[in-house]
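For the protein sequence lines, the chains are A and B, in the order given. With the numbering used here as the guide, the letters of the first sequence map in order to residues 1 to 102. With the numbering used here as the guide, the letters of the second sequence map in order to residues 1001 to 1501.
Since the hints were derived computationally from the structure, they do not count as laboratory data. Backbone N, C-alpha and C define an ideal beta-carbon position, used for all residues, glycine too. Wrong hints could be hidden among the right ones.
[Said to hold, decoys possible] Where chain A lies over chain B, by a calculated footprint (3+ residues, C-beta under 8 Å):
| no. | stretch |
| --- | --- |
| 1 | 1002-1011 |
| 2 | 1018-1025 |
| 3 | 1045-1055 |
| 4 | 1177-1189 |
| 5 | 1277-1290 |
| 6 | 1383-1393 |
[Claimed, not checked] Far from chain B, by Cβ distances over 10 Å, these chain A residues were calculated:
| no. | residue |
| --- | --- |
| 7 | S25 |
| 8 | A55 |
| 9 | G87 |
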Amino acid sequence: MDLKPGSRWKSAVCDAQMVVVRPPSRAGELQCGGAPVLPIDDPAPITGEVSPEFAEGVAIGKRYIDEDSGLEILGAKAGKGSLAFDGNPLAPKGAKPLPASD
Amino acid sequence: MRTPLLLDIAADAAFDRTALGSGEETIDFAAYRARASQAAAWLASRGKANTAFLGMNGELLPILLFASGMAGTAFVPLNYRLPDADLNRLVARTAPAVLIADDDMLARIAPAEGIELVARSDFEAEFLAGPPPAPAGLPEADNDIAVLLFTSGTTGEPKAAVLRHANLTAYVMSTVEFLGAGEDEAALVSVPSYHIAGISAILTAAYGGRRIVYLPAFTPEQWVATAAAEAVTHAMVVPTMLDRILDVMEQTGETLPALRALSYGGGKMPEPVIARALAKLPHVDFVNAYGLTETSSTIALLGAEDHRIAFASGDPAIRRRIASVGQPLPSVELEIRREDGTPCAPGEHGEIHVRGEQVSGEYLHKKAVADDGWFATNDAGWLDEGGYLFVEGRLDDVIVRGGENISPGEIEDLLRTHDDIADCAVLGIPCEKWGEKVVAVIVSRSGCPDTEALSTAIRAKLRSTKTPEQWFVRDALPYNETGKLLRRVLKAELAEAACAE
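Chain A with its partners taken away, still in its complex shape (with noise of 0.2 Å):
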């Protein structure tokens, strides 16, 4: 799996879809709803179900960050399924939104 930044992909077990913000120091799998992602122009139909213990939804917009490798997702479609690196959920990260500049 190529976490590389721009890349994206999507939840196999829901709706979500996400981009790579910046990609993990290290090599391992992205997840959500307890399942591997998948790129987004593959075929495969949503199948399987969300882990209860990865259920707690992935937010257009909003970013995701795994602290230990650096990797960071931004939610470019909702879902209900939430997202881990190798297992470890990520953290929705706060930031607040600057006004519009340009």
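With chain A's structure known, arrange chain B on it following the hints.
For chain B alone, kept in the frame of chain A given last:
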């Protein structure tokens, strides 16, 4: 990360949201991406490294910017206000390129090697007219330069500032919330495409999910009429624009009730103008943004709350922050440094240095950032105790009089507080005795300024070395169209007259 991704994810998540246009003729996010991708497929088929654009604002511009990124070409917007000879020199430097030009500007372009000239009307008929096409499938592009912007070149040949996809996407993603805009929001863009704010406006609006309404070019009447008719919620203006907008609002009685946020930047905002704007538009959040082409736009900003606090404060240290550009963005590092490179203490004047992912600090064939990533902006400034940044203009404009560094900014600010001063500039003119001497050029409302009283006031508030030794009265000062005072033009005009004395 590449700029087309910003549009891609917005178009997937908010495909039927209105992205561009006004009135009946609007383009939603799905059509925005689809049209850009078709244009990209054509651009890629031409095999040119660059996509140049010479023309007025319009829906073509954002579609072309994204198309260029998708095709893997660098987008090069050109300044249509340049004289023909200068313009053609820049055109030649963009080769090999496809150049899309407004129909009435085509005749200005001399035939040049490697330039494929396309009329805007032809391009629009092909890629903007008719029902939205299906998106074109394109291979991942590998050119990491997104945009080349020619600097204004007041000191010589214009330099081509390089903005990479990584710089621009870092800027957008660290300053804007993805689809954070409400569906009713619309941004009015009136800065030209060859200004960094014209480029960043496209990217931030796409990622934020905010509709863009274009003015072909700025006039205050059109600006106010469009802002009212389109219920515009957000806009960015340069200082000279704001003053003229307020004049029109006064004449027409328009109050712009839909407007929520107005950002300004691109030059020093005279305090009387912003005071007038705050009084006239009490429902609007004002944001002062400071940035450079080489930093992908904004690096520091003074927010709405800062404006209100500063204006209401009786503490001079807080009150003066209205003239600051606020605090650096959380995603950039900013330092003021002395000439020897050591950091300045709060309140001490020096050169503004900046570092961060959005900082390109690069020109074509010339990297201007240090190995450790810091970029010297060539802007003079200082930070107050609270970390608020005060920008005093280009370092080259600092007057060195008998070994003392004098910033024109603080003298100009003081002059502007006098009712009779409509506009002013303070400059250093070469002189034998001091190296440079301080002269002031003023535009007087009464037509008969009392320069002696002005001198006395400056001597009392600042000091005698900062008091202009000569005064020139003009009907108007020279500005470029984005509100930058043309100091070098003034300086050259005055140098002879001043030293003859």
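Are there three or more residues in the stretch 1177-1189 of chain B whose C-beta lies closer than 8 Å to some C-beta of chain A? Check passed, 5 qualifying residues.
Using a Cβ cutoff of 8 Å, are there at least 3 residues of the stretch 1002-1011 of chain B near chain A, or does the coverage claim fail? holds (count 4)
Are at least 3 residues of the stretch 1018-1025 of chain B within less than 8 Å of chain A when you compare beta carbons? Contact hint for the stretch 1018-1025 of chain B vs chain A: violated, 0 residues under 8 Å.
Under a C-beta cut-off of less than 8 Å, do 3 or more residues of the stretch 1277-1290 of chain B approach chain A closely enough to confirm the stated coverage? Coverage by chain A holds for the stretch 1277-1290 of chain B (3 residues, Cβ < 8 Å).
Nearest-CB test (10 Å) between chain B and G87 of chain A: About 26 Å separates G87 of chain A from the closest Cβ of chain B, which puts it past 10 Å; holds.
Are there at least three residues in the stretch 1383-1393 of chain B whose beta carbon sits under 8 Å from a beta carbon of chain A? Coverage by chain A is violated here, the residue count being 0 at a Cβ distance below 8 Å.
At 10 Å, judged by beta carbons, does S25 of chain A keep clear of chain B as stated? holds, 17 Å
8 Å C-beta criterion, at least three residues: is the stretch 1045-1055 of chain B covered by chain A: Our answer is that it is violated, as 0 residues pass the Cβ test (under 8 Å) against chain A, missing three.
Beyond 10 Å from every Cβ of chain B: is that where the Cβ of A55 of chain A lies? A55 of chain A is indeed farther than 10 Å from all Cβ atoms of chain B, at 21 Å.
In summary, the structure is inconsistent with hints 2, 3, 6 from the numbered list given earlier, while agreeing with the others.
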